[in-house]
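Chemist: Here is what each chain is made of, one letter per residue.
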Amino acid sequence: MTQSPHLTLSELSYYYEPGAPAALDKVSLQVPRGQFLAVLGHNGSGKSTLAKLLNGLFLPTQGSVTVSRMDTRDDARIWDIRRTAGMVFQNPDNQLVATQVYDDVAFGLENIGIPPEEMPARIDRALEMTGMSQFKQHAPHLLSGGQKQRVAIAGILAMQPEALILDEATAMLDPQGRREVLDTVLRLNREQGITVVWITHFMEEAARAQRVLVMDHGRIAMDGTPGEIFSQVGRLRELRLDVPPMTRLAHLLQERGIPISSGVLTVDDMVEEVKRLCPSCLSS
Amino acid sequence: MLRDITLGQYYPVDSPVHRLDPRTKVILTFLYIIAVFLVGNLWLYLPVAAYLAFATWMARLPAGMMLRSLRPMRILLVITFVLNLFFFSGAQELVRIGSIVIWQEGLLNALIFTFRLIFLVTGSSILTLTTAPVTLTDGLERLASPLRIIRFPAHEMAMMMTIALRFIPTLIEEADKIMKAQTARGADFETGNLMARARAMIPLLVPLFISAFRRAGDLAMAMEARCYRGGEGRTRLHQLKYGRRDTLALLSMLALYLMILLPGWLA
Amino acid sequence: MPIVLEQLSHHYRSGPRVSVALEDISLTIHDGELLALIGHTGSGKSTLAQHLNGLLEPTSGRVLVDGEDINQKGARRRALRFRVGLVFQYPEHQLFEETVFKDIAFGPKNMGLTGQQVDQRVREAMAQVGLDFEEMKDRSPFELSGGQMRRVALAGVLAMQPRVLVLDEPTAGLDPRARDFLLGDIKRLNQEGTTVVMISHAMDDVARLATRVAVLEKGRLVMQGSTLEVFFQQERLAAMGLDIPDGFKLACRLRQAGMNMADHVHPEEIADALAAAIRGGGGDAA
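In order, the protein sequences belong to chains A, B and C.
Following our numbering, the numbering of the first sequence begins with 55 at its first residue and continues without gaps.
Following our numbering, the numbering of the second sequence begins with 39 at its first residue and continues without gaps.
Following our numbering, the numbering of the third sequence begins with 94 at its first residue and continues without gaps.
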């Protein structure tokens, strides 16, 4: 099977109002099938706008967006596009429609006209994949933020998408909720091969992606692996971003003359580096 | 705390009435209300009372629950009774206390109108006690769907009701939080006359409204992202099944009508 | 002006059951300190915060502000409550006035201050959060960015000039830059004399700012001490589902692996110690 890119942005520009500065400025991007792409950027960099253009909620002012070779400007295919590329938003509450988890996951299926007999199997599978099976009779307002987001993801999974776009889906969650959601999505990417676009401002999350994009003023400023991106501490600071704590520490050590690798992202990485630089420092 | 609010009066047990198709129950309630209004003779309330007792028993509802549904009405019931008793003049005097007269017709009317109110309220409460709000919304939508021909937005109204039901607990929680935040800034929601208290609500209502609008915007986008495009072509997870039980229930209503109307026809 | 919680308990009914939100909490908040309150979601942190300014009344136990019971009947109550400012999570959701000035003025007005005093308070509060008075005072709060709205909400509480400031997840939902600014403001307020109680999940924030940490678990106070003392107990914290800052985690791991390294919480100090250790090549580091 030809691996044409799953998602393509072609010279994409978007203006919220005519005459306003471009929210996105001639952005070109190709996302291969099955990739886990993290998108970083300060507020106003265009990352959220990018998300909404990916599934046709916004249409390009110039340029084009293609999902599985379907153009988002094609009216006839817009619903197929949204089924193929599902989207999860920032506010966990403002995505859930029904009074019970089970019914909410069914919402998407009802919209695309799935026969009622086929629904229970799909719903159960989606809840299982997100670890929410035991909550199926619960009312949404009784769930934690992380649980609500997992229900939202289940609602998308039931429609059997090929790609998942998450627009700062963890911004309003506590650390445990954030972990739950990221672990779930990483697993879906790994086991089901679902392409993921993960928009976030948490560096530790971007560090777990395969590829990281950094947006600035509507353009792609940096594009590479987490190691490549986070080693450029100064550049990131200019772009009003942070780096994972261990990368910051590596930078501080470099300033103190220690030749530590710039690709350090986690505590494990750092321990390895210390072993390498000073084997006698550690007794085990 | 506030998170455990159960909505509406739904009493969750299993009974033949609970298992009836919601459309049947809506139609029954409608017919029942008309039946109650058709009663002009005090004695004909007996079959109505019997029917109500039968329905309550079939629905496994505690009798006390039915009486409790009358509590908010008690002042109205007293007023109805008293007004009719003292101010309805007729032909036959019953009691005379000084210059105040109670006519026989007055007493009869007082009883008829008061019982009418009682039966109306308790009877229609069976609908909400035995039908979960979402099921009721479903039933109303299906019943109203033929009205689509005259462009009546049955689906949209049902969707609105479901979403409202879903968000009521969330909004209550938010209102509580806003109230606490403003109280922490010295706002006083409790003291003062009506005007003062109304004005004190502004710091609560403005943020709540703004938040509600924002939620609506977010929700609309999320629904669109999940391929929502109105009622056309939508399938339903929950299928309403009309069965033998429903036919029996409707026949029972027919029986009630016969009991109420026959005496008049035969006379 | 210390706040003292004496065996504070808070029970509430939810339907037929009685739930325990807080159980037997005894804690002193010292003048001028920056205390971090940490714990799992549902551990009772927010409930505890609402007791500090009298929004909630204890089921048993007392809350003493400057030696007086904050829940006493009578006129003293309001005055005592104004000494403790409480900023809720996502405080920008409580903004309601037409202009930034009017919203920030809400608190001082409720305190009964004169027009001139209110004006003075608003100016000072805006300066404390880095909002330009002339530029922002007439703007609608709703046309501001998220970070600016949060600062307006914070100013609204600061304008009441509380001696103690209680903040519930102050950096929730903010991007790294806005977060840095806000933490800077909080640190400065503390250095200028305001006692701060900060509820936070962000362990890095706690490491940067807090002098003392109190840990809540299922409504009980299970640990309290200096930041270092509390973070030291990594296993206990992990068992409660709580994390510690990466820098501290690293120091613990390295020490377990045999490296001789002193305890530090601040990133710069850790870097110094680690650099010295590596240069020393297996010697000791201070």
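Hints are computed from structural coordinates only; laboratory data are not their basis.
This one's a predicted model, so the numbers in the text were calculated from it and none came from an experiment.
Any given hint could turn out to be false.
What the hints assert, rightly or not - Have a look at the derived ranges for each label pair, beta carbon to beta carbon: (1) A:SER118 to B:PHE68: 52 to 58 Å; (2) B:ARG274 to A:GLU326: 51 to 57 Å; (3) A:LEU331 to C:PHE235: 49 to 55 Å; (4) C:GLY351 to A:LEU111: 26 to 32 Å.
As the list claims (entries may be wrong) - With a Cα cut of at most 25 Å, we get these calculated SDA-like pairs of lysine to any residue: (5) C:LYS280 to C:VAL97; (6) A:LYS190 to B:PRO171; (7) C:LYS195 to B:ARG237.
We treat Cβ as the ideally placed atom computed from N, Cα and C, and that holds for glycine.
Chemist: Each hint needs a verdict: does it hold in this structure or not?
Modeler: Hints, verified against the model:
Judged by the Cβ atoms, the range 52 to 58 Å given for A:SER118 and B:PHE68 holds: they are separated by roughly 55 Å. For the pair B:ARG274 and A:GLU326, the beta carbons lie near 56 Å from each other, so the given range of 51 to 57 Å is met. Restraint check, A:LEU331 to C:PHE235: a C-beta distance of roughly 53 Å satisfies the suggested window 49 to 55 Å. A C-beta distance of roughly 55 Å is found between C:GLY351 and A:LEU111, which places it outside the suggested range of 26 to 32 Å.
Between C:LYS280 and C:VAL97, the direct Cα distance comes to roughly 23 Å. Compliance with the 25 Å bound is thereby established for this hinted pair. Between A:LYS190 and B:PRO171 the alpha-carbon distance is near 18 Å, which keeps this suggested pair within the 25 Å criterion. For a cut-off of 25 Å, the pair hint linking C:LYS195 to B:ARG237 stands: about 15 Å separates their Cα positions.
When the structure is compared with the earlier hints, a violation turns up for hint 4 alone.
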